[in-house]
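Student: Please take these sequences and the hints and turn them into a complete structure.
Chains as they are written, first to last, in my numbering: chain U, 1 to 275; chain A, 1 to 275.
Fair warning: there could be bad hints in the mix.
No copy labels: a pair is met if it fits in one copy or bridges any two.
Claimed, not checked - Quick list of in silico lysine-lysine cross-link-like pairs, PhoX-like style, CA-CA up to 20 Å:
1) 244 / 218
2) 163 / 207
3) 207 / 243
4) 218 / 267
Since the hints were made in silico from the structure, they are not lab data. This one's a predicted model, so the numbers in the text were calculated from it and none came from an experiment.
Protein chains: 2
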Amino acid sequence: MKPFKKITIVGVGLLGGSIGLAIKKNKLAHQVVGYFRTESKIALAVKKGAIDKGTVCFEEALKDSDFIILCSPVSDILKKMSQLTKTKALITDTGSTKTAIAKAGQHLNFVGSHPLAGSEQGGMISARADLFKNSLCLLTPSGKKSAHATAHIAEFWRRIGAKTIILTPEKHDAILAFTSHLPHIVAFSLMAAVPANILSFAAGGLKDTTRIAMSHPKLWSDIFLTNKNNAMDAITAFELSLKKIKKLIRASNEPGLISFLAKAKNKRAGLPQKS
Amino acid sequence: MKPFKKITIVGVGLLGGSIGLAIKKNKLAHQVVGYFRTESKIALAVKKGAIDKGTVCFEEALKDSDFIILCSPVSDILKKMSQLTKTKALITDTGSTKTAIAKAGQHLNFVGSHPLAGSEQGGMISARADLFKNSLCLLTPSGKKSAHATAHIAEFWRRIGAKTIILTPEKHDAILAFTSHLPHIVAFSLMAAVPANILSFAAGGLKDTTRIAMSHPKLWSDIFLTNKNNAMDAITAFELSLKKIKKLIRASNEPGLISFLAKAKNKRAGLPQKS
Numbered sequence: 001m002k003p004f005k006k007i008t009i010v011g012v013g014l015l016g017g018s019i020g021l022a023i024k025k026n027k028l029a030h031q032v033v034g035y036f037r038t039e040s041k042i043a044l045a046v047k048k049g050a051i052d053k054g055t056v057c058f059e060e061a062l063k064d065s066d067f068i069i070l071c072s073p074v075s076d077i078l079k080k081m082s083q084l085t086k087t088k089a090l091i092t093d094t095g096s097t098k099t100a101i102a103k104a105g106q107h108l109n110f111v112g113s114h115p116l117a118g119s120e121q122g123g124m125i126s127a128r129a130d131l132f133k134n135s136l137c138l139l140t141p142s143g144k145k146s147a148h149a150t151a152h153i154a155e156f157w158r159r160i161g162a163k164t165i166i167l168t169p170e171k172h173d174a175i176l177a178f179t180s181h182l183p184h185i186v187a188f189s190l191m192a193a194v195p196a197n198i199l200s201f202a203a204g205g206l207k208d209t210t211r212i213a214m215s216h217p218k219l220w221s222d223i224f225l226t227n228k229n230n231a232m233d234a235i236t237a238f239e240l241s242l243k244k245i246k247k248l249i250r251a252s253n254e255p256g257l258i259s260f261l262a263k264a265k266n267k268r269a270g271l272p273q274k275s
Numbered sequence: 001m002k003p004f005k006k007i008t009i010v011g012v013g014l015l016g017g018s019i020g021l022a023i024k025k026n027k028l029a030h031q032v033v034g035y036f037r038t039e040s041k042i043a044l045a046v047k048k049g050a051i052d053k054g055t056v057c058f059e060e061a062l063k064d065s066d067f068i069i070l071c072s073p074v075s076d077i078l079k080k081m082s083q084l085t086k087t088k089a090l091i092t093d094t095g096s097t098k099t100a101i102a103k104a105g106q107h108l109n110f111v112g113s114h115p116l117a118g119s120e121q122g123g124m125i126s127a128r129a130d131l132f133k134n135s136l137c138l139l140t141p142s143g144k145k146s147a148h149a150t151a152h153i154a155e156f157w158r159r160i161g162a163k164t165i166i167l168t169p170e171k172h173d174a175i176l177a178f179t180s181h182l183p184h185i186v187a188f189s190l191m192a193a194v195p196a197n198i199l200s201f202a203a204g205g206l207k208d209t210t211r212i213a214m215s216h217p218k219l220w221s222d223i224f225l226t227n228k229n230n231a232m233d234a235i236t237a238f239e240l241s242l243k244k245i246k247k248l249i250r251a252s253n254e255p256g257l258i259s260f261l262a263k264a265k266n267k268r269a270g271l272p273q274k275s
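Tutor: Shown next as structure tokens:
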């Protein structure tokens, strides 16, 4: 892959910062420019080597760029895409829902990406060049013109260590509602349900189960609201599971309960070790 | 604390094995004997140094013992306690529910313990002498005669690194229903709800949230069924949380949703770092 002339990273947090570090490490661009909402964060990103320079001027960040990567929360990605009408640059994003974004990108040289490599520990401070190593990145091309852009963006992700899978935006959102959005909804709800006066008794189980409730509220509000119908379906399916186990406990149905738990355990054992 | 003459560990898995290793390391007994259901597991426990010897004969394991620690699943602890009527030894257990066990122990020199140091990775193979270091151990005396036994058992746990807190068995079970049993119920239910054909898309969030769904089905069936009413109450409280977030998503109520998520995040941030 020929290096890009200038890559613009919009939003230099955990994902944007890690992408910048990986681009520099793998020499994938002559220049990496970061777009920031506030001046105060530019210095750290430059110091850590994630970008060559940063700016709070969107126009300046985009100028002469041949690859734009949007790494802000979904609602901000949508807003920025509406301002990108004139560029011919290759464009992707790292948003966690893809249908609304694909629609916004249909007149651009755009293919959506979703690197499954986030963390509840956001910010440039947690960024690292190997964040995507052996991770999975889902690409969600939409429309007929995107074959070339898809190949180019897939190659980019592979260069920084990710395996890529191609899905429609709709399929992506239906799947992620279960594998990512529902776990977050459950973790936030669980934390909301535990009485505040007994938190000091929390052991490993509660902590693991709710680690992702430390995630960024605005980021996840965007995700749930841009994948509303799928999220509702996933919650409904989960409510049914919960009803089942509640019924088994209420009836003191030990064989039924053990069978329910064993099936869940088997399914959990089948999760990929690293994805 | 004077060393015990002979400590008997009934059930030498993760907890029993770690207790054995910690007893030996801290020289808290002249002899440590393990009771096993099957011969095959004795050799490993002896080899790892968790016990001096093992036996499949319950009578032999108890003979001349002055401290008996029951470390099997709750239903087995209850069964074993019904066979302990003649002993004057100090007795404790490591079961995760305490009301039924306290009732079974009311005519014995018994005080229940619940070390908050388990893991979904069971077995002697995962045992380690420092498992209880800086962990919390809940003691649940019941009745008036137990002050001496409570002090003695508390001292034992402190010697192997745990901080101790004293609670009634009923209070213990009401609290743990939320801080431990509910997270397990939620993790098992979440795993049950995720369609099997999309498990390969699971990333960190689903994995963390369901790690404890790898726990032992029989062990947890015992826990849920011996704490049925509290578990039902906790599920009901959680269902209400879930309904709230579902309603906020359905209504696309962004400020309400962000506020719900932020409150949950704040609560999560207040969990003890190590307990």
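Student: Given a CA cutoff of 20 Å, do residue 218 and residue 267 count as a within-copy pair, a between-copy pair, both, or neither?
Tutor: Close across copies (17 Å), not inside one copy (31 Å); limit 20 Å.
Student: Within a copy, between copies, both or neither: which one fits residue 163 and residue 207 at a CA-CA cutoff of 20 Å?
Tutor: between (30 Å within a copy, 19 Å between copies)
Student: Are the CA atoms of residue 244 and residue 218 at most 20 Å apart within a copy, between copies, both, or neither?
Tutor: Close across copies (17 Å), not inside one copy (33 Å); limit 20 Å.
Student: Within, between, both or neither: how does the pair residue 207, residue 243 come out at a Cα-Cα threshold of 20 Å?
Tutor: neither (24 Å within a copy, 22 Å between copies)
When the structure is compared with the earlier hints, a violation turns up for hint 3 alone.
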